[in-house]
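Let chain A serve as the given structure and place chain B on it in line with the hints.
2 protein chains.
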Amino acid sequence: MLSFTDCSKLIDEALQKLNLPAEPKGLYEPVDYILQLGGKRLRPSLALLAAALYTDDYEQAMPAALAVEIFHNFTLIHDDIMDKADVRRGKATVHKKWDDNAAILSGDAAMILSYETLNKLPDAKFLNAFKVFNRTAMEVCEGQQYDMDFENRLDVDLNEYLGMIRLKTSVLLAASMQMGAIAAGAPEQDQLALYELGESLGMAFQLQDDYLDVFSDSEKFGKATGGDILNNKKTYLLIKALESGEKTSVNELKMWIEKKEFDPKEKVEAVKAIYKKLGVGEDAQLAAISFVNNSIEILNQLVVPNERKKTLEALIFKMMYRET
Amino acid sequence: MLSFTDCSKLIDEALQKLNLPAEPKGLYEPVDYILQLGGKRLRPSLALLAAALYTDDYEQAMPAALAVEIFHNFTLIHDDIMDKADVRRGKATVHKKWDDNAAILSGDAAMILSYETLNKLPDAKFLNAFKVFNRTAMEVCEGQQYDMDFENRLDVDLNEYLGMIRLKTSVLLAASMQMGAIAAGAPEQDQLALYELGESLGMAFQLQDDYLDVFSDSEKFGKATGGDILNNKKTYLLIKALESGEKTSVNELKMWIEKKEFDPKEKVEAVKAIYKKLGVGEDAQLAAISFVNNSIEILNQLVVPNERKKTLEALIFKMMYRET
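Sequence lines, in order, name chains A and B.
Using the working numbering, you'd call the opening residue of the first sequence number 38 and step up by one each time.
Using the working numbering, you'd call the opening residue of the second sequence number 38 and step up by one each time.
Don't take every hint at face value.
Identical copies go unnamed one by one, so any copy, or any two together, can satisfy a pair.
Said to hold, decoys possible - Cut-off 27 Å, straight-line C-alpha distance, at most; resulting in silico cross-link-like pairs (DSSO-like, lysine-lysine):
1. K62 <-> K168
2. K77 <-> K134
3. K133 <-> K121
4. K121 <-> K62
5. K62 <-> K277
6. K62 <-> K270
7. K313 <-> K355
8. K296 <-> K46
9. K46 <-> K346
10. K168 <-> K157
11. K121 <-> K134
12. K270 <-> K314
13. K284 <-> K168
14. K270 <-> K313
15. K314 <-> K128
16. K346 <-> K54
17. K304 <-> K314
Bear in mind the hints are in silico, worked out from the structure with no lab data behind them.
All values reported here derive from a predicted model rather than from experimental measurement.
Next comes chain A alone, as it looks inside the complex (with noise of 0.2 Å):
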């Protein structure tokens, strides 16, 4: 059986032999950069597993699941320049290591070839695939303004909120999902239930990341924690601790977001106390799970057989209690 360690391995292998041109070398160092950098490559994972439920032939589903990770690096190249992070994945950001222009440049390049590499599916299927594709690619792109356009305001409701995670991050793994399902020729019911399984997935994903940010240990987690805090970031625990009607922990929490110049490490240890006397953090992840049990019963409902569902089945338990 095709296990989530195969599939990552899969890309890893397959974005090596991309061959991307030798010149110009401005343009397509940087792209070939960033893919090398590695990460979970989850979307990707995504899609071979979705074909794998249909075929033992889920290679079928490469040109998917490679756009899809493809273009997801086109957006975090993008991104690094706006909001100007300098490290990814324990390295350069692109903007960092060459320019701001250079970014801009081959983010374009690496998003035109998230294109190339879809169209080698073969034409109806490429068809099907390339409308999914299009859409989500926009939703993307609406999803980063909306994050930015949240950072400039405080009334941010959950709605919002959930409406700003579901085009920035589970789109993406949507589309991911039925793509593969696409690839392999599955019944067009099953490609949206797919779809649908691949966004209850996302939001339980980013649900459980503003949770980890918080309250993980912050070795598992791979990186420092409490920066949402100290970048104000209007995660689920903040809104939803903004909107608890608590008047003392709500003003204290506005003071903290309104503070210029603080001890990061006091400003963190103050909001996370808020946190937990309001337990959002337990609402955080109790919205998880209602997510992370949508995308079971969805799997559950699909009829194939059970055998094929087991990866599927233990990535999503893993994303319920996952520490990184």
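Here is chain B on its own, set in the frame of chain A:
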């Protein structure tokens, strides 16, 4: 008969009817803004005119025409950030009116929108047009990269330069015509011939641009002349002059290129005088004319009623004698 003016008008109208989503404003307003800035609409008009060689229902080519125009505007948004250009068509550029982040993200959205628009072609035509479009998109990025690379080199030769402008400018005009022909159901060999016609036209267009930036009447040209000289831009004229072997002129040119402090007017006049002495303006025009001749020859050989060729013929001749 469909005129060039008809084409521009049809394109303007179609762009106004695009109906971009209202939200998120920060994403779609900049896209709408640049699309409404106007311009000659040369590329989409070429798509319609190529289609009109074969059918009175040339509006079949509108999805392809809009796709190239929107793609072209995506490149303008991102190039203007990279070139730190503040003004385009007399108005503020996107990154100037909003900011770099808005320009990066809305440029991305414009690119995705161009694919979305192309997808309005019927499936079989879309599949053919997509391959041309996507390859061209990557070539345009390569052209922009070479253009930036050339800024830091003094040893660019004419062949490299011609290769760069082919990628940066010509292939998009070429693709516009090929996709117009595809949309109209033209024979495959005509599709390829029209690609070549557009490519030659693009080369002539850029070489004329190099000439006009130095020698045109700046009022008619619509922008100050001498910009390329002030920016030490590697144009056909500069490269030809540096390759001339005329030691005194070459040394004088290099002196102006290296000089950090100078009176702009003095530099433009001095370099212009060298160009005049060496006759490189005429060289550029001769090169342009040979590309124009190639376009005319290809047009002549197409097996369609002569009547249908009139507008393209006029457009090509206008290119030869253009002052703006």
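A quick look at each hint next to the structure:
no.: 1; hint: K62 <-> K168; result: between (32 Å within a copy, 23 Å between copies)
no.: 2; hint: K77 <-> K134; result: within (22 Å within a copy, 39 Å between copies)
no.: 3; hint: K133 <-> K121; result: both (9 Å within a copy, 19 Å between copies)
no.: 4; hint: K121 <-> K62; result: both (24 Å within a copy, 22 Å between copies)
no.: 5; hint: K62 <-> K277; result: between (47 Å within a copy, 26 Å between copies)
no.: 6; hint: K62 <-> K270; result: between (36 Å within a copy, 21 Å between copies)
no.: 7; hint: K313 <-> K355; result: within (24 Å within a copy, 73 Å between copies)
no.: 8; hint: K296 <-> K46; result: neither (46 Å within a copy, 54 Å between copies)
no.: 9; hint: K46 <-> K346; result: within (20 Å within a copy, 56 Å between copies)
no.: 10; hint: K168 <-> K157; result: both (15 Å within a copy, 11 Å between copies)
no.: 11; hint: K121 <-> K134; result: both (13 Å within a copy, 20 Å between copies)
no.: 12; hint: K270 <-> K314; result: within (19 Å within a copy, 63 Å between copies)
no.: 13; hint: K284 <-> K168; result: neither (48 Å within a copy, 59 Å between copies)
no.: 14; hint: K270 <-> K313; result: within (17 Å within a copy, 61 Å between copies)
no.: 15; hint: K314 <-> K128; result: neither (37 Å within a copy, 53 Å between copies)
no.: 16; hint: K346 <-> K54; result: neither (29 Å within a copy, 46 Å between copies)
no.: 17; hint: K304 <-> K314; result: within (15 Å within a copy, 70 Å between copies)
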